[in-house]
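Generate coordinates for the entire structure from the input sequences, incorporating the hints supplied.
Protein chains: 2
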Amino acid sequence: MRQSFDEHADSSFGQRHLPRIRQAMAEQGLDGFLVPHEDEYQNEYLPAANDRLAWATGFTGSAGAAVILKDRAAVFVDGRYTLQVRDQVDQSLFELQDLVDGGVPAWLESRLGQGQKIGFDPRLHSPEALERLKAAAARAGAELLPVEDNPVDRAWGAERPAQPKAPVVPHPLEYAGEASASKRARVGRSLAEAGADAAVITAPASIAWLFNIRGGDVIRSPLPLSQAVLNADGTARLFLDPDKVTPELPAWLGNQVTLEPPEALAGALQALGGRRVLVDPGQSSAWYFGVLQGAGAQVVRGQDPCALPRACKNPTELEGARSAHRRDGAALTRFLHWVATEAQASLPDEREIVARLEHFREQTGVLKDLSFDTIAGAGANGAIVHYRPTTHRIRQVQPGELLLVDSGAQYLDGTTDVTRTLAIGEPSAEMRHRYTLVLKGHLALGRARFPQGTSGQMLDALARAPLWAAGLDYDHGTGHGVGSYLGVHEGPQRIAKAGQPVPLRPGMIVSNEPGYYKTGAYGIRIENLQFVTEAEEVEGGERPMLGFETLTLAPYDRRLINEILLSDEEREQVNAYHARVLAEIGPQLEPEVLAWLEAACEPL
Amino acid sequence: MRQSFDEHADSSFGQRHLPRIRQAMAEQGLDGFLVPHEDEYQNEYLPAANDRLAWATGFTGSAGAAVILKDRAAVFVDGRYTLQVRDQVDQSLFELQDLVDGGVPAWLESRLGQGQKIGFDPRLHSPEALERLKAAAARAGAELLPVEDNPVDRAWGAERPAQPKAPVVPHPLEYAGEASASKRARVGRSLAEAGADAAVITAPASIAWLFNIRGGDVIRSPLPLSQAVLNADGTARLFLDPDKVTPELPAWLGNQVTLEPPEALAGALQALGGRRVLVDPGQSSAWYFGVLQGAGAQVVRGQDPCALPRACKNPTELEGARSAHRRDGAALTRFLHWVATEAQASLPDEREIVARLEHFREQTGVLKDLSFDTIAGAGANGAIVHYRPTTHRIRQVQPGELLLVDSGAQYLDGTTDVTRTLAIGEPSAEMRHRYTLVLKGHLALGRARFPQGTSGQMLDALARAPLWAAGLDYDHGTGHGVGSYLGVHEGPQRIAKAGQPVPLRPGMIVSNEPGYYKTGAYGIRIENLQFVTEAEEVEGGERPMLGFETLTLAPYDRRLINEILLSDEEREQVNAYHARVLAEIGPQLEPEVLAWLEAACEPL
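Chains as they are written, first to last, in my numbering: chain A, 23 to 626; chain B, 23 to 626.
Check each hint, because a few of them may be wrong.
Any copy, or any two copies together, can satisfy a pair, since identical chains are not distinguished.
Said to hold, decoys possible - Straight-line C-alpha distance at most 25 angstroms; calculated SDA-like pairs for lysine to any residue:
| id | residue 1 | residue 2 |
| --- | --- | --- |
| 1 | K390 | I241 |
| 2 | K156 | A598 |
| 3 | K519 | P473 |
| 4 | K519 | E49 |
| 5 | K390 | S34 |
| 6 | K540 | R298 |
| 7 | K540 | Q474 |
| 8 | K519 | L330 |
| 9 | K187 | T280 |
| 10 | K156 | A216 |
| 11 | K519 | C334 |
| 12 | K519 | T555 |
| 13 | K519 | R469 |
| 14 | K519 | E559 |
| 15 | K519 | Q474 |
Simulated from the structure, these hints should not be mistaken for laboratory data.
Right, here's the structure in full:
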């Protein structure tokens, strides 16, 4: 089974590891050291070898930081992790602090003393974050010093897992849809327009997209950890551990791309002295800025030039996404059938639920990986937005409860991400009311039509308005971008209250996932992936509009829909969607499941 | 009659005035001069004496700029004014250019030559705009030079109207609701929190609000043109032409406010040397920054500290707004009755329509001014979003046309702004369809409930979604803030696709005015004012929500509503609103108008 239910860190980690880190700090003459969650790749998921925060403190959340001083230390987490951090971190060793309100800078300003020297690893911090940290330390009279030899790594020593060396393979044109040479030429031209001669590309997803390659260094996503320099003429240098280079790779990359070992990177950056080099401060750490500026390059700060072209899927990628979702929808439908029948009596626990869904996906025969660890939240666990079942928290579902299942798969032709909320036994009137409100928002966003230039931020309220009207809301975004056999969370677009608005463009895949969470009781989320299309013209329409085509194919749980709350338009939208699910998924199913799906998709 | 139908400038202005401006430029050794629309107060409306752009070019729009060189000149306008500018500006003298796309900086960069000296009046440019202009000129090898003696003013000479000297009077506490001393103490504390010792206040609306005074220097708004310095301890210096000081004013201002002539301003700024002074670069021109920096003050750039407290109306102001809208609603209802009866046969022209509405408002006996020139757009004129009837464009309404009337009034207790679109004769099915879509958006925004922190930008799509679904949209914002017996357009909040998001807070008044415009045929806009309230709790609601209370009281034209397109919720919303209009306006009306209103407000 792919998914594990273990935690790879626990609250004993601090006791065991903190003295060793302090010893390494002392050897380097440091009074303190900064330990961000981020690694060298500023990526969402970390290989085990780079999860320094977990090793130092025990905390395994997806965002956070620690500061270790000689005589005190603190762990910083955001609102999502305030409960989890108390389980995972030994509070006799670490103060727990809010990552957002004041955060690390405020703590440094109030805790550091005159003349103290605090180390940081410049490969792990974005230049903007570092500016704020340096200013805060300076106000306390202390100084932040870059260190070459990270004391956490030194303390970790031989116990540290090896860096991942997953083979890097070609991603064939039948899935990618555009040759790397064409992508490099296109992005190269955009560099010239941005006033740059070259760009440093460090986001693993951008490297995978640009060179049409895939790797496996990071769990749940086929990312090749590496770096590249792209020139405006479309030529490039790709820095990749030789152990990861598969035999077919050099020919696949062609003669416009030189393949070099990671050790050559610093020299390649230094060779950019005197040239204008685009670097994304949101993707590339302060180390890149330091090396380039030291070499006399003119650094142009701007968005990763692959981010927008990568987000706008080409027709081949969209056809692949449709195909992946038809396949994944059949697997999910078998799972939904199992939940609606056998599981109603056997009342499985979350581990069995996760295993059963993974089994159906594995049966496709082409599953490359999950796209993230399945969230199966039974009852009160469903109300924990970032829940992942781990051994000590696993619950068995009970009659009268809701089961929230958020899951996804990686296939060569596409990445899926889907959430369904399911009734076990008889749902309460309140559950049906809340579910229907969430569904109304989900439907409103699904059928939205909007002019060019509209950002996801401008559409977010459409998904929330039915909940707002009832005095309810949810504390997460409504939608995120999704890669094509790449990361399941991908920018730059999103549908949310906050964030830099990016206009939605044809081909962008976004999730549509409003929710409702009742702490200690149940959680509801309904999620489909959909992509931006040019909307069909309507009679009398005067302006071209954009709209969405839904990718995800799986029925909503009709036992949770209170039909009285739906407008005619909403009812027809559900019926049309269910008819499409039946038409596209039905032919893949065995008779018993098909019969169930037919009933599940009957018109409301 | 208050409203005039004349233009105060025409296309002969360039021929008559350009040579005189060039003469004045030559006397000062300038190769060119920048003429922005903005005056010394960076205010929306200008006194005639400060409408330099109109005097120089003939163009009277509310935004724009000109550049005058020795041998060529250009006028820059945005998309709203591309037609108007061709009527008003002599194209043998001025190139017409787009204000937004490239704008003045791009033109300077391509047209200026090495070593040229271009003058500008530092009192008329925001520091940000000036930076861009200076950079563009520098790229062409030219230089921008500040001039003390504006060559347009010099050329204008004795023909220039006098600066307005309207008396400045106390705005009594029964309308203001909070004493100036309390406001000054409150804003003063916010200065301390923003790290400033003092603030320069130049927005006339902020001065009026802060000191509880009103003037009349600018048509359609009771603004006192003046400047002030507010100290963190709540004391202030107010710089006001002695001719405008009414006898009761010094006592009203009290002993914490010193009243000084405008000539003392520069010295007062210089006296701030060494202190931290908050200045709003969106409100105060580059001149203030120059004088303060020259004096060694530490300039803190930030929003006008009165902007947010001014926008959040206190209970007295809200009660005043309700009262003003009940009064104004009765006047408007008499007008609507006239349009629905007499005017259907007499087919008045736009001038008569404007006059009739003004007459009903004048009859209240307490009208201080219109809040802007009434837009009465008959037929195709209704499709011109920023239409104002002027002599040569006035149309008579015709059967089968729509009449769009956007108007407002200034009363001591409040400022109104309302748009109704009315059928003359029998409207077409298309008109009713479009009107109903606009109404659906207007209703959705009116009934919106939303959590704290929500900006108008996040709600804008609610008003557009019904039009978007039909392939339609409108090219203006959905809502603007409104002052309390102050400007009818007031920030910082707005409801629009663009702009800096500002969370909506209780007490903020905003307009709700979606529209639809069919060029050459008709325009539709429906506008109410509404203010942000804490929404009533609903059963099962878990979070406090904000919502809106509608201020404007006047029926929608039911002949334009296609009921089939309304949901039950929308129909009930219209009926509840109409019942409220009848209850609050009815008792003020004479029997004939009341009978009409009763019919107009019958449930759909």
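Now for the hints, and whether the structure bears them out:
Taking the closest pair of Cα atoms, K390 and I241 come within 25 angstroms of each other only inside a single copy of the chain (11 angstroms); across copies the shortest separation is 71 angstroms, beyond that limit. Taking the shortest alpha-carbon separations for K156 and A598, neither the intra-copy value of 57 angstroms nor the inter-copy value of 59 angstroms comes in at or below 25 angstroms. With identical chains, the CA atoms of K519 and P473 are at most 25 angstroms apart both within one copy (19 angstroms) and between copies (11 angstroms). In the homo-oligomer, the alpha carbons of K519 and E49 never lie at most 25 angstroms apart, since the shortest distance is 47 angstroms inside one protomer and 56 angstroms across protomers.
Proximity of K390 to S34 under the C-alpha cut-off of 25 angstroms is found in neither arrangement, the shortest distances being 34 angstroms within a copy and 75 angstroms between copies. Taking CA atoms no more than 25 angstroms apart as the test, K540 paired with R298 passes in neither setting, with 52 angstroms inside one copy and 48 angstroms between copies. In this assembly of identical chains, K540 and Q474 lie within 25 angstroms of each other by CA distance solely across copies; the values are 20 angstroms between and 37 angstroms within a copy. Taking the shortest Cα distances, K519 and L330 sit within 25 angstroms of each other both inside one copy (21 angstroms) and across copies (21 angstroms).
Proximity of K187 and T280 under a CA criterion of 25 angstroms is satisfied intra-copy only: 20 angstroms inside one chain copy versus 75 angstroms between copies. Taking the shortest Cα distances, K156 and A216 sit within 25 angstroms of each other only across copies (22 angstroms), while inside one copy they are farther apart (30 angstroms). Taking identical chains as interchangeable, the C-alpha atoms of K519 and C334 lie at most 25 angstroms apart whether they share a chain (22 angstroms) or sit on different chains (23 angstroms). Within a single copy, K519 and T555 get their C-alpha atoms as close as 22 angstroms, and across copies as close as 21 angstroms, so both meet the 25 angstroms cut-off.
Taking identical chains as interchangeable, the C-alpha atoms of K519 and R469 lie at most 25 angstroms apart whether they share a chain (19 angstroms) or sit on different chains (20 angstroms). Proximity of K519 and E559 under a CA criterion of 25 angstroms is satisfied inter-copy only: 23 angstroms between copies versus 29 angstroms inside one chain copy. Proximity of K519 to Q474 under the C-alpha cut-off of 25 angstroms is found in both arrangements, the shortest distances being 19 angstroms within a copy and 12 angstroms between copies.
Violated hints, listed in ascending order, are 2, 4, 5, 6; each of the other numbered hints is respected by the structure.
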